[in-house]
Amino acid sequence: MVLAFVYFAAGSDQMVSGSGRPDWLTLSISTASTPDEMPPVWFAHDRHTDALTGQDCTTCHTKDEGRIRFAFKQAAGEDYHADMAEFHDNCIGCHAKTAMQGEPAGPRAGECRLCHTPNAPDRSAWTAMRFDHSLHARHETSPRIGPTAEADSANCSACHHRYNADTQTLYYEKGTEGACQYCHAPVAAATPDDPARAMRQAAHDGCVSCHLINQTQAAKEANAKFGPITCAGCHDQSMQAQIATVQPLPRFKRNQPDAVLLATRLTNQLAASPEDRAPVSAVAFNHKSHEANVESCRTCHHASLQKCSDCHTPDGSREGAFVGLGQAMHVADRDPSCIGCHQQAQTDAACAGCHSMTPAPDFAATGCQACHGVAADEQTVAVLTDPDARAAMAAAFVKRRGGGAPLPPETDIPEIVTIGTLSDAYEPVRLPHRKIVRALADRIAENTLAKTFHPTSETLCQGCHHNAAALPKPPACASCHGTMTATPSDGRPALLGAYHLQCITCHERMGIEKPAATACTECHPPRSSTASQN
Amino acid sequence: MGITRRRFLTWVGAAAGSQVVVAGRSQAAGNRQFPGFAESFGVLHDVTRCIGCRRCEAACQQVNGLPEPERPFDDLSLLQQQRRTDAGTYTVVNRFEAAQGPVFVKTQCNHCLEPACASACFVKAFQKVPSGAVSYNVDVCVGCRYCMIACPFNIPTYEYDNPFSPSVQKCTLCQPRIEKGLLPGCVLACPKEALTFGQRGQLLQTARNRIAQHPGRYVHHIYGEHEMGGTSWLYISAAPFREIGMREDLGTMAAGQLTAGPLGAVPIVVGLWPVLLTGIWAIGKRKDKIAAGERRQAVAEAEKNARQAAEAKLAGLREQLGKEKEIAVKLAVKNALEEAARAAQAEALPGNGEPESKEEK
Numbered sequence: 001m002v003l004a005f006v007y008f009a010a011g012s013d014q015m016v017s018g019s020g021r022p023d024w025l026t027l028s029i030s031t032a033s034t035p036d037e038m039p040p041v042w043f044a045h046d047r048h049t050d051a052l053t054g055q056d057c058t059t060c061h062t063k064d065e066g067r068i069r070f071a072f073k074q075a076a077g078e079d080y081h082a083d084m085a086e087f088h089d090n091c092i093g094c095h096a097k098t099a100m101q102g103e104p105a106g107p108r109a110g111e112c113r114l115c116h117t118p119n120a121p122d123r124s125a126w127t128a129m130r131f132d133h134s135l136h137a138r139h140e141t142s143p144r145i146g147p148t149a150e151a152d153s154a155n156c157s158a159c160h161h162r163y164n165a166d167t168q169t170l171y172y173e174k175g176t177e178g179a180c181q182y183c184h185a186p187v188a189a190a191t192p193d194d195p196a197r198a199m200r201q202a203a204h205d206g207c208v209s210c211h212l213i214n215q216t217q218a219a220k221e222a223n224a225k226f227g228p229i230t231c232a233g234c235h236d237q238s239m240q241a242q243i244a245t246v247q248p249l250p251r252f253k254r255n256q257p258d259a260v261l262l263a264t265r266l267t268n269q270l271a272a273s274p275e276d277r278a279p280v281s282a283v284a285f286n287h288k289s290h291e292a293n294v295e296s297c298r299t300c301h302h303a304s305l306q307k308c309s310d311c312h313t314p315d316g317s318r319e320g321a322f323v324g325l326g327q328a329m330h331v332a333d334r335d336p337s338c339i340g341c342h343q344q345a346q347t348d349a350a351c352a353g354c355h356s357m358t359p360a361p362d363f364a365a366t367g368c369q370a371c372h373g374v375a376a377d378e379q380t381v382a383v384l385t386d387p388d389a390r391a392a393m394a395a396a397f398v399k400r401r402g403g404g405a406p407l408p409p410e411t412d413i414p415e416i417v418t419i420g421t422l423s424d425a426y427e428p429v430r431l432p433h434r435k436i437v438r439a440l441a442d443r444i445a446e447n448t449l450a451k452t453f454h455p456t457s458e459t460l461c462q463g464c465h466h467n468a469a470a471l472p473k474p475p476a477c478a479s480c481h482g483t484m485t486a487t488p489s490d491g492r493p494a495l496l497g498a499y500h501l502q503c504i505t506c507h508e509r510m511g512i513e514k515p516a517a518t519a520c521t522e523c524h525p526p527r528s529s530t531a532s533q534n
Numbered sequence: 001m002g003i004t005r006r007r008f009l010t011w012v013g014a015a016a017g018s019q020v021v022v023a024g025r026s027q028a029a030g031n032r033q034f035p036g037f038a039e040s041f042g043v044l045h046d047v048t049r050c051i052g053c054r055r056c057e058a059a060c061q062q063v064n065g066l067p068e069p070e071r072p073f074d075d076l077s078l079l080q081q082q083r084r085t086d087a088g089t090y091t092v093v094n095r096f097e098a099a100q101g102p103v104f105v106k107t108q109c110n111h112c113l114e115p116a117c118a119s120a121c122f123v124k125a126f127q128k129v130p131s132g133a134v135s136y137n138v139d140v141c142v143g144c145r146y147c148m149i150a151c152p153f154n155i156p157t158y159e160y161d162n163p164f165s166p167s168v169q170k171c172t173l174c175q176p177r178i179e180k181g182l183l184p185g186c187v188l189a190c191p192k193e194a195l196t197f198g199q200r201g202q203l204l205q206t207a208r209n210r211i212a213q214h215p216g217r218y219v220h221h222i223y224g225e226h227e228m229g230g231t232s233w234l235y236i237s238a239a240p241f242r243e244i245g246m247r248e249d250l251g252t253m254a255a256g257q258l259t260a261g262p263l264g265a266v267p268i269v270v271g272l273w274p275v276l277l278t279g280i281w282a283i284g285k286r287k288d289k290i291a292a293g294e295r296r297q298a299v300a301e302a303e304k305n306a307r308q309a310a311e312a313k314l315a316g317l318r319e320q321l322g323k324e325k326e327i328a329v330k331l332a333v334k335n336a337l338e339e340a341a342r343a344a345q346a347e348a349l350p351g352n353g354e355p356e357s358k359e360e361k
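Heads up: the protein sequence lines correspond to chains A and B, in order. Note that this note's numbering has the first sequence beginning at 1, numbered continuously upward. Note that this note's numbering has the second sequence beginning at 1, numbered continuously upward.
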């Protein structure tokens, strides 16, 4: 009977997508599990919320200064046996009462294992909630939230706060806003000095409480909106997909710079002994453009909103886990590093056609100058000490950059290239060269990263005409790729392989489905005399 | 009294145990590891490059003079089913659905460094030749098809439709072409250079370079570098090999090594056991003989002793009888003398009837 109810109820949950539930919680009152103890209870929270329609959260939770306390109200968390009795009395009591009224109810006394099961009764479909740039923008502009501090003119103070250890209170300070995770760790190691709660607890207390308050207010107005208050509302994938995105995204209002002159190593070098080493050119960093292209501030500022070099000093420091500035910026397989993120961007279909062919890490194609473009000359040295002049210089460099180089004049791009060197079974291939160049250019026309890192008009040509100097008239493929022999080669493909690898791999990576890789005659017209043999 | 069952089993057990120890030690001491013929050739199959055009299959058919297939090679719908090599097909390309999308894998003889087929063949029809190929000699083949059972890659096939001179068929690595300095047919035909021909050592280097230069593109494994003791065909892939129909449970030991212990024990068993068993039998036999002799001797001695004892007893008895007779004679004489004396007294004293009776006597 009870099992039947479980399945019936699971089937009736409209909000749960696919298989599994996003709302499984484990209820456990013991921290140390012993073998003679029952396994924790798997509790489907939203199922209980649905079953208790018409009753509010206080059926199970207490309210503390108008905000819900997200723990079961009767459990004091002090005495094991008392808590166990409270859970048993209240859960089973409510189930029994519901059953008495002739309604479907959960397990009752004696059906221990229906609640205490070692594994979840169903797959968990829980998906982490990502508070991305767009969702931030929605909260920032919501008229329903409103500031909680006088200093705040927007909604910032409703969520962002700091902690005063002396008075043990939260307060708001304008201009110090940062990501929740900077203080609220995934697992809280709360100390008297740093009582920040775990992210999970902080997020539920902050977000859900506020949504509940808004729900109460919204109930008075017709069709008013409020944020999700159930588990599925945030942690179900299909529900997440329904959250509207803001376009265009507004910038964060935290006085962040548009452009920054990154010159830490140069500054240090000048202060120490300029003669020792050649000075490192500075980087004019387009902060504004990066903001728009990353998920959140935390993508780069992974631990705090300080400057990178505050922790990642040139030679490494304890604060930066001894990861030096050079490593932090250049290590190719780490996400927060510049190179790591840029290489990730190369896997985009518009870029992957050319970039999947070149071995990684691909510094050689652009060289250091692409980023380190601000020469360590007298003019640069002069502005290092003046923040305003620095910013102005960076802005000037950034403005100059990123426009992208125009394609060579159309007349310099051959329209059709006939490839007939290997013609045997087929007629020569008539490669629509100009069409290909234009298609490549069109796909990255709006890509600021590509514009910045394709500095000359011939850079794009190097996708196919690789390993040769970027010249208006690059050497023929056969200059480097010869015939295949049984003698060892240096790893470069023979001409037949080179052509097909280049064309077919590029089409695959860029998602060009036609012509199919095996549709030989769509590129090679069949040669009448030999066509029948192939 | 023959050899007991218990004693026989003890002997046999001890003999078997000593053989296991001896065999194990000889194998370990041998430390036989065949790194492959130096500068032998192989082929590197970069699975990420294969597009499933079946040109390798067509080239294989052409250069080996194999029968025309029922369906032409440009019929790619054949890839929808899983195929394997057969007597008229040395290589097939199969399609697999991996997480990255469709993956095409060419299958043919992997030309193991220490081939299982060769180790199973008792007429040495298969041989690993220094060029890298595992060659097949049809002239000595007896058609037992042990090679087909031994091959972990399911490659050798049999001409079942040839009733008079059937032979085992498999890829030859185009050995005749290699000897002429030509490339294998499939390698030459591959438009995407998914097949690279070269010395095995260099191919391993090429494979490692490709994996290193394109992080994340390949699974960090060169299939065939160590599988079954190493193969001349090597594979690199983006999808895990088990997902593209390649066995990952084969281990790194060559098939020959797996069977070397038990098979190496065969000569010992065949040579030693008759001697051993005969010895056990002879020892048992000799013991019986000695025991029988001893028994006979003991019986004879006992008989002799018994006879002597009986004679001694008889002699004693005789002597005793003699003595008793003498005593009886003496007693009778004495009695007679006493009687005579009494009769004489009675004669001397009248009135007494006694002397009269004595006289009468």
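Incorrect hints may have been included.
Computed spacing ranges between beta-carbons, pair by pair [stated by the list, open to error]:
no. : chain 1 : residue 1 : chain 2 : residue 2 : range
1   : B       : Gly101    : A       : Arg400    : 56 to 62 Å
2   : B       : Gly101    : A       : Thr521    : 57 to 63 Å
3   : A       : Asp386    : B       : Pro102    : 39 to 45 Å
4   : B       : Leu182    : A       : Arg492    : 16 to 22 Å
5   : B       : Pro35     : A       : Glu446    : 19 to 25 Å
6   : A       : Thr521    : B       : Ser165    : 25 to 31 Å
Per the computed footprint, the stretches of chain A lying under chain B, defined by three or more beta-carbons under 8 Å from a beta-carbon of chain B, are [claimed, not checked]:
no. : region
7   : 493 to 506
8   : 510 to 524
Hints listed in this document are in silico derivations from the structure and should not be mistaken for laboratory results. Everything numeric in this text was worked out from a predicted model, so none of it was measured. Cβ atoms here follow ideal geometry from the backbone N, Cα and C, with glycine treated the same way.
Verdict for Thr521/A, Ser165/B (Cβ pair) under range 25 to 31 Å: 41 Å, violated
Pairwise beta carbon distance, Leu182/B to Arg492/A, judged against the given window 16 to 22 Å: This hint holds: roughly 21 Å between Cβ atoms.
Cβ separation of Gly101/B and Thr521/A, checked against the hinted range 57 to 63 Å: Violated, since Gly101/B and Thr521/A (Cβ atoms, about 23 Å apart) do not stay within the stated range.
Cβ distance range 39 to 45 Å for Asp386/A and Pro102/B, holds or violated: 60 Å, violated
C-beta pair Gly101/B, Arg400/A: status relative to the range 56 to 62 Å that was hinted: For Arg400/A against Gly101/B, whose Cβ atoms are near 42 Å apart, the range 56 to 62 Å is violated.
Verdict on chain B covering the region 493 to 506 of chain A, where coverage means 3 or more residues with a C-beta closer than 8 Å: Our answer is that it holds, as 9 residues pass the Cβ test (under 8 Å) against chain B, meeting three.
Residues of the region 510 to 524 of chain A with Cβ under 8 Å from chain B, three needed, outcome: holds (count 3)
Outcome for the supplied range 19 to 25 Å, where the beta carbon pair is Pro35/B and Glu446/A: 55 Å, violated
In the structure shown, a violation is registered for the earlier hints numbered 1, 2, 3, 5 and 6, in ascending order.
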